[in-house]
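Can you build the whole structure from these sequences, using the hints too?
Order-wise, the sequence lines are chains A and B.
The numbering of the first sequence is the working numbering, which starts it at 53 and goes up by one.
The numbering of the second sequence is the working numbering, which starts it at 53 and goes up by one.
Take the hints with a grain of salt, since some may be wrong.
Result set (SDA-like, lysine to any residue): computed pairs, CA atoms no more than 25 Å apart in a straight line [claimed, not checked]:
hint: 1; chain 1: A; residue 1: 499; chain 2: B; residue 2: 148
hint: 2; chain 1: B; residue 1: 499; chain 2: A; residue 2: 522
hint: 3; chain 1: A; residue 1: 142; chain 2: B; residue 2: 154
hint: 4; chain 1: B; residue 1: 84; chain 2: B; residue 2: 141
hint: 5; chain 1: A; residue 1: 142; chain 2: B; residue 2: 141
hint: 6; chain 1: A; residue 1: 499; chain 2: B; residue 2: 182
hint: 7; chain 1: A; residue 1: 182; chain 2: B; residue 2: 499
hint: 8; chain 1: B; residue 1: 154; chain 2: A; residue 2: 133
FYI, nobody ran anything at the bench for these hints, they're computed from the structure.
Number of protein chains: 2
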Amino acid sequence: MKSQNNVQMDRILFDNYKNKIYSPEEAAKFIKNNSIVGVSGFTKAGDSKSVLPAFAKRAETEDVKITLLSGASLGYDTDADLAKNNAIYKRMPFQADPTLRKSINSGNVLYVDQHLSETAEMMHNEHLPKVDMAIIEAVYVDPNGYIIPTTSVGNSANFAALADEIIIEINVSLPVSFKGIHDVFIPNSYPNRNIIGITNPQTRIGTEYIKIDPEKVIAVVFTNRPDSPAQISAPDENTTAIAQHILKFLEKEVDDGRLTKSLLPIQVGIGKIANAVLSGFVNSPFENLTMYSEVLQDSTFELFDAGKMVFASASSITVSESCYRNLIGNFENYKDKIVLRPQNISNAAEVIRRLGIIAINTAIEFDIYGNVNSTHLGGTHMMNGIGGSGDFARSAYLSIFVCPSASKNNNISHVVPMVSHHDHTEHDVDILVTEQGLADLRGLAPKERSRVIIENCIHPDFKEQMEAYVEEAQKRGGQTPHIMEKAFSWHLNLKNNGSMKNLVAASDVHREMSVAI
Amino acid sequence: MKSQNNVQMDRILFDNYKNKIYSPEEAAKFIKNNSIVGVSGFTKAGDSKSVLPAFAKRAETEDVKITLLSGASLGYDTDADLAKNNAIYKRMPFQADPTLRKSINSGNVLYVDQHLSETAEMMHNEHLPKVDMAIIEAVYVDPNGYIIPTTSVGNSANFAALADEIIIEINVSLPVSFKGIHDVFIPNSYPNRNIIGITNPQTRIGTEYIKIDPEKVIAVVFTNRPDSPAQISAPDENTTAIAQHILKFLEKEVDDGRLTKSLLPIQVGIGKIANAVLSGFVNSPFENLTMYSEVLQDSTFELFDAGKMVFASASSITVSESCYRNLIGNFENYKDKIVLRPQNISNAAEVIRRLGIIAINTAIEFDIYGNVNSTHLGGTHMMNGIGGSGDFARSAYLSIFVCPSASKNNNISHVVPMVSHHDHTEHDVDILVTEQGLADLRGLAPKERSRVIIENCIHPDFKEQMEAYVEEAQKRGGQTPHIMEKAFSWHLNLKNNGSMKNLVAASDVHREMSVAI
Chain A
53 MKSQNNVQMD
63 RILFDNYKNK
73 IYSPEEAAKF
83 IKNNSIVGVS
93 GFTKAGDSKS
103 VLPAFAKRAE
113 TEDVKITLLS
123 GASLGYDTDA
133 DLAKNNAIYK
143 RMPFQADPTL
153 RKSINSGNVL
163 YVDQHLSETA
173 EMMHNEHLPK
183 VDMAIIEAVY
193 VDPNGYIIPT
203 TSVGNSANFA
213 ALADEIIIEI
223 NVSLPVSFKG
233 IHDVFIPNSY
243 PNRNIIGITN
253 PQTRIGTEYI
263 KIDPEKVIAV
273 VFTNRPDSPA
283 QISAPDENTT
293 AIAQHILKFL
303 EKEVDDGRLT
313 KSLLPIQVGI
323 GKIANAVLSG
333 FVNSPFENLT
343 MYSEVLQDST
353 FELFDAGKMV
363 FASASSITVS
373 ESCYRNLIGN
383 FENYKDKIVL
393 RPQNISNAAE
403 VIRRLGIIAI
413 NTAIEFDIYG
423 NVNSTHLGGT
433 HMMNGIGGSG
443 DFARSAYLSI
453 FVCPSASKNN
463 NISHVVPMVS
473 HHDHTEHDVD
483 ILVTEQGLAD
493 LRGLAPKERS
503 RVIIENCIHP
513 DFKEQMEAYV
523 EEAQKRGGQT
533 PHIMEKAFSW
543 HLNLKNNGSM
553 KNLVAASDVH
563 REMSVAI
Chain B
53 MKSQNNVQMD
63 RILFDNYKNK
73 IYSPEEAAKF
83 IKNNSIVGVS
93 GFTKAGDSKS
103 VLPAFAKRAE
113 TEDVKITLLS
123 GASLGYDTDA
133 DLAKNNAIYK
143 RMPFQADPTL
153 RKSINSGNVL
163 YVDQHLSETA
173 EMMHNEHLPK
183 VDMAIIEAVY
193 VDPNGYIIPT
203 TSVGNSANFA
213 ALADEIIIEI
223 NVSLPVSFKG
233 IHDVFIPNSY
243 PNRNIIGITN
253 PQTRIGTEYI
263 KIDPEKVIAV
273 VFTNRPDSPA
283 QISAPDENTT
293 AIAQHILKFL
303 EKEVDDGRLT
313 KSLLPIQVGI
323 GKIANAVLSG
333 FVNSPFENLT
343 MYSEVLQDST
353 FELFDAGKMV
363 FASASSITVS
373 ESCYRNLIGN
383 FENYKDKIVL
393 RPQNISNAAE
403 VIRRLGIIAI
413 NTAIEFDIYG
423 NVNSTHLGGT
433 HMMNGIGGSG
443 DFARSAYLSI
453 FVCPSASKNN
463 NISHVVPMVS
473 HHDHTEHDVD
483 ILVTEQGLAD
493 LRGLAPKERS
503 RVIIENCIHP
513 DFKEQMEAYV
523 EEAQKRGGQT
533 PHIMEKAFSW
543 HLNLKNNGSM
553 KNLVAASDVH
563 REMSVAI
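Written as structure tokens, this is what we have:
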């Protein structure tokens, strides 16, 4: 144990923990080989920044492996370093790290890609093996030994409740005034499960702390590393066009009397496209907007600053460096406008349906019938994971998916005959948007859907080719016409020839051209 | 207008309706060409048995077409006769009729296959065009002009609330003592949507009648036709084996302390397999069982009679002729054990998650990663529809899918490399069962899933062939290994050669055999 300065000791208001202070390296030794570890952290926010990295370091020289559960993705290179040193046996429910991704796709790491609302439910029901240890980032520890979380709640409260041992990682870079933005609620176990009584984004139903059994705390560690910043991009031509299509659509919904100018609470998926789309709402006729989402990104704070948004509920705050600095520097301006909840509450079907969420999520690709792939490249290789997109899309008031119509010099079409992997079925998708336009699928049968999607969403380079596919498919009949032996031909073409463009047709054109010459 | 006997007039306790009595043929003339008609009826129960058939008859000689919304499938040949006479433009959210199916697959009828919970929600949100007319079967009309429904609630209350005009079809074959088994609740509109306060299958939150505006009633019609009976099959070798695997699994869950002997409320999908599986619970160690399902079948009443089940909530009662006779004849024995709710309440995600439903549904086929096809043959042709399977699977405590491992002299494997149509993704499937065995997928990564599914569920005739597929696929890497160009090869083989069996390999065997000889 090393001596601690006053700033640090002020963060421990429960005396029994004061003789449990360890360095990250010492604490990392408490993690047992083959154990199941649940860590705080949701989309880079509020993750373990000293103990888990120290464990990754330990794995450089020692043969240790854990099953690692988190809220969602972790920050910095923690997942990468763990993967590099073969320290992960199994990982769930989400990740977004290129190195870990490689290990997953090569078969070195088992990855369970879950709806973000599901992990806590399955743990609670003992449908997953018991968590041995929880590592939870805290702003401070209160006089009862309870944890005040940092920039995310994620699965932290559930890990802490279910684990045998807890390591608390106090992050002194965050102000103690963070206390009050969290609302921690764990429903009763079956068969006495209770109502989740949230009736608007502001409703509070839980506590401002994570209640734990102090006896389970085996170590307290300090860090002063801030969250790793989100990579955000300025809106570009595509995201601006997508945003405009959505705004125009929503304005029409308001004009038709289906929505008011405050719309209904918005959810926006993590990532550059979704963030840029939400930024587009700054210049919109809407007002008094609210969010009931899983993550608050830069766009949320832009909307607060623009006076467009009045309240936002989520499970984490994941923002760029400048937004983070502004948030911490002007925390009192935002504090009463936000609440962070456990991810099985932020993403609860019950609440999403009750509040009537407008859900905007990013697709990797979608098909002519409205099925969406959010996770896999080429049908086999994992990108990140489904995240909360399925939680929201399934129970939303409006389920919207967005992506560019094409990429890589228009060699890849993101509108395909059949998605190579299904994450969201046609049943759960209302609206599809690319920079080309918006397809409103509500109440449409599959044959109507394919027409509307091709008319509005596909890139012009692929339109003719898709029309040919549909024409040939429809000749064979059926509710959902397909040429099954060609359903993945675009993906195979991309794999074999570097383009989804119909090369046979292209070479035909060449042949015709040379004949003409 | 024809004279009515006393039995009939006793069923109208609201005088204003007494001058609105019409014959079915007269009432059917009120249905306008190109209008949108919402009818009572859920899995053959409580459907229109005189007006809608009379409209089908009218279409024999007149060019009339409607968009037809129901609760779920209709009884007798109503859907068939409508389809035969080209009287349906668009149909939603479910059907199960061979003639209509043919019209759907040939492109004559547009079919919107919806989650059964969704139709009412979308109507209420005006995400579907307005319903012009509602045709609702009633046991009787109360002194306020309100409707006492019959053997189903389905979407009736929502149709009646939203339609401009209502036709009431009073079915005198049912006793007036049916009043009291219904619990009709319509949530408020957004943004004032309320909690659905059901905390156990017995909870009542609504009214015993469908409240309507009597001014909208344009006709009252009488019928005495009972519901068309469900086709049920005695348990066979396969369904018995499937039931045994499930019972053994649930007994283990009880032994491990995750469930009590009363389990949690059970949902069982419509159909012969699911019904036979539930019958298997008669000879089980479980007691005080409850159901929170969408339809009560013969097996529910067998479990009541065996003293195994104490309460069952659903949206309809669909039973065989003998079970129906017993139910009507001994109604007082069952009346306080059942409740029928609107299908957006029986199938509400909020309630399904809160009660912790054990959901057992039938698959057409499933794949080695746990994706399920519930609707399409060969990836293109509609069978019935997704029904409520997605409502329950998505939010259940345990999501179980069952089907035989093979059929048609074992030429069709119901365990395939990739399902030809995705209705339920791997994320929403916990347990798969065939007569071969049970695969427990909880907490497993895709590569583990494929191993467990092949070990436990696949028919021996297809095991080697599937192992070869997986081996080749895994060589290519990825989170979800597939040979994309062969993903549907089994289906294509079936289509082209009448069998999913690897004929090339078979001929190789022949060749090797002849060489050996």
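Given hint residue 522 of chain A paired with residue 499 of chain B - CA-CA distance at most 25 Å = 34 Å, violated
Agreement of residue 142 of chain A and residue 141 of chain B with the hint, judged by alpha carbon distance not exceeding 25 Å = 51 Å, violated
Starting from residue 154 of chain B, check that the Cα of residue 133 of chain A is at most 25 Å away, please.
-> With a Cα-Cα distance of about 57 Å, the restraint between residue 154 of chain B and residue 133 of chain A is violated, given a limit of 25 Å.
Taking 25 Å as the top limit, are the C-alpha atoms of residue 499 of chain A and residue 182 of chain B close enough?
-> 22 Å, holds
Would you check the hint for residue 499 of chain A and residue 148 of chain B, treating anything up to 25 Å between C-alpha atoms as holding?
-> 20 Å, holds
Would you mind confirming whether the straight-line C-alpha gap from residue 84 of chain B to residue 141 of chain B stays at or under 25 Å?
-> The hint holds at about 13 Å.
Verify the proposed pairing of residue 142 of chain A with residue 154 of chain B, using a straight-line Cα cut of 25 Å.
-> Not satisfied, since the Cα-Cα distance of roughly 47 Å exceeds 25 Å.
Hinted pair residue 182 of chain A and residue 499 of chain B, Cα distance within 25 Å | 22 Å, holds
The structure fails hints 2, 3, 5, 8 (numbered hints given earlier, in ascending order).
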